[in-house]
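Participant: The chain contents come next:
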Amino acid sequence: MSASTGLAVRSLRNIRRLPSAFLPALLMPVFQVVSFSGTYAGITSIPGFPTDRSVNWYLPMAVTMGASFAGLGTGFSMIRDLQTGFYDRIRMAPARRRDILLGPYLAAWTRAVIAVVLVTLVGFALGARPVGNPFAVFTLFIAGIGMATIGTGWGLGLAYRFRDMRAAAIMQLTLFLGLFLTDAQTPIDIMQGWLKSVATWNPLTRILHVARLGFVDGNGVSDLIIGIVVMAVLGSLAWFFALSGLRRLDD
Amino acid sequence: MTVAAPQQVIALSRRSVQSIVRQPSVVVPSMVFPLFFVALGTSSFARAISIPGFPVVDSFLDFALAGSIVQGVLFGSITSATALATDIETGFFDRLLLTPSPRVGILVGRLAGAMAYGLAQTIFFVLVLFPFGLSIKSGIVGLTAMVIGGLLTALAVGAVMSAMALRTGSSEAVQGSFPLLFVLLFFSSAFFPRQTMDGIYRQIANLNPVSYLVEGFRSLTIGELTTVAVAQTMLIPAAIAVGGLALSLRSLRRRVAAA
Amino acid sequence: MTTPQRGLEQPIIAEGLERVFGSGERAVRAVDGVDLSVERGEIFGFLGPNGAGKSTTVRMLTTLLRPTGGTARVAGFDVVKESDAVRRSIGVALQDAAIDPLMTGAELLHLQAILYGLPRGEHTQRVGDLLERVGLSAAGDRRVGTYSGGMRRRLDLALALIHEPTVLFLDEPTTGLDPMSRMALWDEIRRLNDDGTTVLLTTQYLEEADQLADRVAIIDHGRIVSRGRPADLKAGVGAPTLFIVVDPAQVESASAVLTAFGELRPTAEGTLGVGLVDGAAGVSAVVRALDDAGVQVQNLELKAPSLDDVFAEATGHRLEGAS
Numbered sequence: 001m002s003a004s005t006g007l008a009v010r011s012l013r014n015i016r017r018l019p020s021a022f023l024p025a026l027l028m029p030v031f032q033v034v035s036f037s038g039t040y041a042g043i044t045s046i047p048g049f050p051t052d053r054s055v056n057w058y059l060p061m062a063v064t065m066g067a068s069f070a071g072l073g074t075g076f077s078m079i080r081d082l083q084t085g086f087y088d089r090i091r092m093a094p095a096r097r098r099d100i101l102l103g104p105y106l107a108a109w110t111r112a113v114i115a116v117v118l119v120t121l122v123g124f125a126l127g128a129r130p131v132g133n134p135f136a137v138f139t140l141f142i143a144g145i146g147m148a149t150i151g152t153g154w155g156l157g158l159a160y161r162f163r164d165m166r167a168a169a170i171m172q173l174t175l176f177l178g179l180f181l182t183d184a185q186t187p188i189d190i191m192q193g194w195l196k197s198v199a200t201w202n203p204l205t206r207i208l209h210v211a212r213l214g215f216v217d218g219n220g221v222s223d224l225i226i227g228i229v230v231m232a233v234l235g236s237l238a239w240f241f242a243l244s245g246l247r248r249l250d251d
Numbered sequence: 001m002t003v004a005a006p007q008q009v010i011a012l013s014r015r016s017v018q019s020i021v022r023q024p025s026v027v028v029p030s031m032v033f034p035l036f037f038v039a040l041g042t043s044s045f046a047r048a049i050s051i052p053g054f055p056v057v058d059s060f061l062d063f064a065l066a067g068s069i070v071q072g073v074l075f076g077s078i079t080s081a082t083a084l085a086t087d088i089e090t091g092f093f094d095r096l097l098l099t100p101s102p103r104v105g106i107l108v109g110r111l112a113g114a115m116a117y118g119l120a121q122t123i124f125f126v127l128v129l130f131p132f133g134l135s136i137k138s139g140i141v142g143l144t145a146m147v148i149g150g151l152l153t154a155l156a157v158g159a160v161m162s163a164m165a166l167r168t169g170s171s172e173a174v175q176g177s178f179p180l181l182f183v184l185l186f187f188s189s190a191f192f193p194r195q196t197m198d199g200i201y202r203q204i205a206n207l208n209p210v211s212y213l214v215e216g217f218r219s220l221t222i223g224e225l226t227t228v229a230v231a232q233t234m235l236i237p238a239a240i241a242v243g244g245l246a247l248s249l250r251s252l253r254r255r256v257a258a259a
Numbered sequence: 001m002t003t004p005q006r007g008l009e010q011p012i013i014a015e016g017l018e019r020v021f022g023s024g025e026r027a028v029r030a031v032d033g034v035d036l037s038v039e040r041g042e043i044f045g046f047l048g049p050n051g052a053g054k055s056t057t058v059r060m061l062t063t064l065l066r067p068t069g070g071t072a073r074v075a076g077f078d079v080v081k082e083s084d085a086v087r088r089s090i091g092v093a094l095q096d097a098a099i100d101p102l103m104t105g106a107e108l109l110h111l112q113a114i115l116y117g118l119p120r121g122e123h124t125q126r127v128g129d130l131l132e133r134v135g136l137s138a139a140g141d142r143r144v145g146t147y148s149g150g151m152r153r154r155l156d157l158a159l160a161l162i163h164e165p166t167v168l169f170l171d172e173p174t175t176g177l178d179p180m181s182r183m184a185l186w187d188e189i190r191r192l193n194d195d196g197t198t199v200l201l202t203t204q205y206l207e208e209a210d211q212l213a214d215r216v217a218i219i220d221h222g223r224i225v226s227r228g229r230p231a232d233l234k235a236g237v238g239a240p241t242l243f244i245v246v247d248p249a250q251v252e253s254a255s256a257v258l259t260a261f262g263e264l265r266p267t268a269e270g271t272l273g274v275g276l277v278d279g280a281a282g283v284s285a286v287v288r289a290l291d292d293a294g295v296q297v298q299n300l301e302l303k304a305p306s307l308d309d310v311f312a313e314a315t316g317h318r319l320e321g322a323s
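Residue numbers (the numbering used here), protein chains in the order written: chain A, 1 to 251; chain B, 1 to 259; chain C, 1 to 323.
Certain hints may be false.
To be clear about the criterion: a stretch of chain A counts as covered by chain C if any three or more of its residues have a C-beta under 8 Å from a C-beta of chain C, and this derived list gives those stretches [unchecked claim]:
1. 11-20
2. 71-85
3. 136-145
Beta-carbon label-pair distances, calculated as ranges [to be verified]:
4. 133(C) with 17(A): 22 to 28 Å
5. 134(A) with 143(C): 57 to 63 Å
6. 256(B) with 169(A): 33 to 39 Å
Every beta carbon over 12 Å from chain A, so not counted as near; a handful from chain C, in silico [stated by the list, open to error]:
7. 41
8. 83
9. 95
10. 280
11. 289
Think of the hints as simulated: they come from the structure by calculation, not from any bench. The beta carbon of each residue, even a glycine, is placed where N, CA and C say it ideally should be.
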């Protein structure tokens, strides 16, 4: 077993031992898909709305949100390890920094898959149905993993830099704002005013489009390509943000 | 139990307000979040106001004000109750019990703090949203009723949550009710009209008292001044407050007796 | 498991080691030019009060913190440029026994074995051996959160030993332990040293250094103020110290009398100390002189030189809570 899998196994084991740290991240997206689909059921009757099922619109949003918070969860555990001093021990191990960082990523991906599967099942139970695209669930998963990757790097990088609960507040707030300043609630074409341009330029909107690919009309292969490029770029930036944070612990 | 002496209640109320204002982690969720969602909503749902079942409104902003007031007050009231539970945990509560001041002052102080904050929140939301085109159709009388309604809502939720704080003595338990408030809020007409919802969602929203609480504020914002609207805005929270106060006084008596 | 074998004669060498936190006016020189040289097979005691720079020095020597000046070689490798090789050679037991309370002792040791790249087949054997060695076999499958302070320290030591390091760093290994647990840990450290492990031990307990260390260095305000074998250092202080408690109002006049018998030494508040050149034979003369000056002696004690005296002489103050 490599250093990264060893660390991932530990992190996953702690889900069971400290469920209070994981459950909220799991329940929040479930609540979102349930409540948004019902509360805003009427929006599908706005002329030009790209689906007639509100759950088709909100399931991808809840999945990306849940996956990114699964990623942030590793940031929370990192704060705990830094504060107990346990992370000093891990840093002293003669393993490559890359492998030490990969451990939490593997754990985050696993957690994200759990969240994505659960939220997707709930969404389908509420009546979400793919339209046209046979790979709808697959692209939904791609977007979920992409957001989990970004969330993990962002969460770890902030944890390494602040080393206390301030990091937790900042990572949650920024990701929450970032994800809501997209077309999370309604399509860009339907918006009026300030959010329209913000959502258009927000790169996270492009990731949401990948998630929605098989669930609403109007998105195509170009959306998939753009979305994947955005995920690759943001994911790499977040990885380097985390890696440089890890190195900064030595300073 | 006697009625608390004014100076003592004032001192405890001041402390209670201070503890709210001095914690940004408290102010942000209860002040900024509701406004953030209003801002999102006005842009996202601007064209939703013409869908079937949506009430006649000038803008989504007018529609959204009521939801933001109730959301803000709900989140703010958790804080006072959490602070009360923390007082019990840290032993400060016992120290207050040792002073000759009347027991009920501890509760009244916290609730007065919550009311002051609820009042401030209502005024704050209205003032911030005015420049963005908010209009209150029921005029100054209606606005006054809304501000009093905000204060009473803070008292109502504060009293119910304080009963929980006094019963459990655990700030974690009080904070743990946060998701419950979220559920109450989302499965109501706080963010979207009941008339646009379907099936089970509509039934739940129809049963949820938060729907009627919000709709009182809403009818004063988007409609003319009517006695029914004023009564709805003030009497619903007042009724909950009476029940909540009875509950919390009973819990207080139990805790004091046990101490 | 082969650990790198270089720099065998002096496994720990530091030259002008320096660490500054912050910059500009608010810069703090936590470690200010420390030179160290630890011989193979010795137990080296690194003494000093809290905040003197002990832990910062250890963090630099163990690759956790980058020095801002000077160089250090551990097990023959540069701590900055060859940090990976240093990590392979050293074992570290950290202050406060930093371990994850949610894991069991055995799981932690397994993880440690993975992190140090031990061959997979050896893990179970090694973990079992180490648990037995530190007397935790029965508690191996319990979560660390349920361990007592002494058990945590022993587990911490076992974690440090997973890859059979040639150099062992122990950062305040017995702080907060009861006397029984402390003795047990001392025995274990001696046993490891007998097997050839070089040990650098930081402590704020003078007795601990006196008991264990072949040589000590005393650090204060980021600088090494004294170093040598405990016996030599104590001999260097020379005369035993006579501690005298007098009425607070008479401290001044008493000091005036005492200067005639030897140099005054730093003491705790309310007590006077004098290095008595004549030893025990001189006590009666001191008492008589004080009596003549009208000073009321409330208590009086003659103590042979201790590391505390060495410390006091080097730094001008006594180590708080020292025994």
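Participant: Between the beta carbons of residue 256(B) and residue 169(A), is the distance compatible with 33 to 39 Å?
Facilitator: At roughly 36 Å between Cβ atoms, residue 169(A) and residue 256(B) fall inside 33 to 39 Å, so the hint holds.
Participant: Over 12 Å to the closest beta carbon of chain A is the bar; see if residue 289(C) clears it.
Facilitator: 54 Å, holds
Participant: Using Cβ atoms and 12 Å as the threshold, tell me whether residue 41(C) really stays out of contact range of chain A.
Facilitator: Check passes; 23 Å lies beyond 12 Å.
Participant: Per the stated criterion, does the least C-beta distance between residue 95(C) and chain A lie above 12 Å, as a non-interface residue requires?
Facilitator: At about 8 Å from chain A, residue 95(C) fails to clear the 12 Å cut-off, so the statement is violated.
Participant: At 12 Å, judged by beta carbons, does residue 83(C) keep clear of chain A as stated?
Facilitator: 8 Å, violated
Participant: Per the coverage rule (Cβ-Cβ under 8 Å, at least three residues), is the region 136-145 of chain A covered by chain C?
Facilitator: With 0 residues in contact (Cβ-Cβ under 8 Å with chain C), the coverage given for the region 136-145 of chain A is violated.
Participant: Would the least Cβ to Cβ distance between residue 280(C) and chain A come out above 12 Å?
Facilitator: Correct as stated: the minimum Cβ-Cβ distance to chain A is 48 Å, above 12 Å.
Participant: Mind taking a look at whether chain C covers the region 71-85 of chain A? Criterion is 3 or more residues with CB to CB distance under 8 Å.
Facilitator: Since three or more residues must qualify, the claim that chain C covers the region 71-85 of chain A holds, with 3 doing so at under 8 Å.
Participant: Take the C-beta atom of residue 133(C) and the C-beta atom of residue 17(A), compute their distance, and say whether it sits inside 22 to 28 Å.
Facilitator: Holds, at about 27 Å.
Participant: Using the C-beta atoms of residue 134(A) and residue 143(C), is the stated range 57 to 63 Å upheld?
Facilitator: 47 Å, violated
Participant: Cut-off 8 Å, C-beta pairs, minimum 3 residues; does the coverage of the region 11-20 of chain A by chain C stand?
Facilitator: It holds: at least three residues are needed, and the region 11-20 of chain A offers 4 whose Cβ sits within less than 8 Å of chain C.
When the structure is compared with the earlier hints, violations turn up for hints 3, 5, 8 and 9 and for no others.
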